[in-house]
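Q: Residue strings, one per chain:
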Amino acid sequence: MSTDSTSVEVRAAAARRKGIGLVVICTALGAAGQILIKIGADRLVHPTLLSTFLGFFTIPPLFAGYCLYALMTVIFIFALKDGELSILYPIISLTYVWVAGLSYWFFHDTLNWAKLAGIVIIVTGVAVLGKDAHK
Amino acid sequence: MKTPVSSMLLVLAASFIGSIGAGFLKAGAAKLHGGLRYLFLNGKLAVGVAFFLGSSVLYVLGIKHGQLSVLYPLVSLSYIWALVWARIFFNERFTSRKLAGLCLILLGILFVGLGNR
Numbered sequence: 001m002s003t004d005s006t007s008v009e010v011r012a013a014a015a016r017r018k019g020i021g022l023v024v025i026c027t028a029l030g031a032a033g034q035i036l037i038k039i040g041a042d043r044l045v046h047p048t049l050l051s052t053f054l055g056f057f058t059i060p061p062l063f064a065g066y067c068l069y070a071l072m073t074v075i076f077i078f079a080l081k082d083g084e085l086s087i088l089y090p091i092i093s094l095t096y097v098w099v100a101g102l103s104y105w106f107f108h109d110t111l112n113w114a115k116l117a118g119i120v121i122i123v124t125g126v127a128v129l130g131k132d133a134h135k
Numbered sequence: 001m002k003t004p005v006s007s008m009l010l011v012l013a014a015s016f017i018g019s020i021g022a023g024f025l026k027a028g029a030a031k032l033h034g035g036l037r038y039l040f041l042n043g044k045l046a047v048g049v050a051f052f053l054g055s056s057v058l059y060v061l062g063i064k065h066g067q068l069s070v071l072y073p074l075v076s077l078s079y080i081w082a083l084v085w086a087r088i089f090f091n092e093r094f095t096s097r098k099l100a101g102l103c104l105i106l107l108g109i110l111f112v113g114l115g116n117r
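Line order of the protein sequences matches chains A and B.
Here the first sequence stands for residues 1 to 135, where the numbers follow the working numbering.
Here the second sequence stands for residues 1 to 117, where the numbers follow the working numbering.
Be aware that a few hints might be false.
Said to hold, decoys possible - Below, simulated BS3-like cross-link-like pairs (lysine-lysine); rule was C-alpha separation at most 27 Å, straight line: (1) B:Lys-64 x B:Lys-44; (2) A:Lys-18 x B:Lys-44; (3) A:Lys-81 x B:Lys-31; (4) A:Lys-81 x A:Lys-38.
Said to hold, decoys possible - Each pair of labels, with its calculated beta carbon distance range: (5) B:Lys-44 x A:Phe-106: 33 to 39 Å; (6) A:Thr-6 x B:Gly-43: 36 to 42 Å; (7) B:Phe-16 x A:Ser-51: 28 to 34 Å; (8) B:Leu-53 x A:Thr-6: 31 to 37 Å; (9) B:Cys-103 x A:Leu-71: 27 to 33 Å.
Treat the hints as calculated values from the structure; they're not laboratory data.
Cβ atoms here follow ideal geometry from the backbone N, Cα and C, with glycine treated the same way.
Please construct the entire structure, taking both the sequences and the accompanying hints into account.
A: Laid out in structure tokens, this is it:
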């Protein structure tokens, strides 16, 4: 194998890792956004289209939550620039993992065996996807 | 609590529209050169974001009624549609690793949904 093709492969691997890293950041932002939106939505007493729209500007957690969603989308676009959609899109599923953890922390949601098993299986699936080189 | 068929259809539609949105984001991302301002001057990205917004509206309406143990796995079908778009439009290969990873993720989401009962 020539040094040229080796360096191309090394660079491709680095780009792939960068894309995956960016999507993992996306999932953390998305989960934090979901929690903030939930906190904000709970402050809407009788949610109508108008009160929800106004709440977006007057309820800070709601505003912050949607800002995180926007930021997440921008980072996801940059990840997609050099990455494969078929690998990066399913990694978004890590959001379920963070949300289960954060809901346990903030809302005292239950963490039962089914959720824990699901979390372990999702993380395993993401790890399998992440290792997909060029096979 | 039973899950109404209408909720399932809404969530299924959300998953389908979301995957199309991801496809447009991918197509738009390929054309990103230079600074951040190009994010806002890119039609495909705008279409992708619009599809994402539409998908999230349907999703929120869909999960209002019914069980997450049924609805979560339906949402995650989005990843399968995206795999198909990736193959057709971006010439990304189906590999056994991708399929295995995806199957594990779908199974994991099914369990998380079951745990939310």
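Q: Take the hints in turn and mark each one as holding or not.
A: A quick look at each hint next to the structure:
1. B:Lys-64 x B:Lys-44: violated (31 Å)
2. A:Lys-18 x B:Lys-44: It holds: about 23 Å lies between the C-alpha atoms, which stays within 27 Å.
3. A:Lys-81 x B:Lys-31: holds (8 Å)
4. A:Lys-81 x A:Lys-38: violated (31 Å)
5. B:Lys-44 x A:Phe-106: 33 to 39 Å: About 36 Å separates the Cβ atoms of Lys-44 of chain B and Phe-106 of chain A, which means 33 to 39 Å holds.
6. A:Thr-6 x B:Gly-43: 36 to 42 Å: holds (39 Å)
7. B:Phe-16 x A:Ser-51: 28 to 34 Å: holds (30 Å)
8. B:Leu-53 x A:Thr-6: 31 to 37 Å: violated (44 Å)
9. B:Cys-103 x A:Leu-71: 27 to 33 Å: This hint holds: roughly 31 Å between Cβ atoms.
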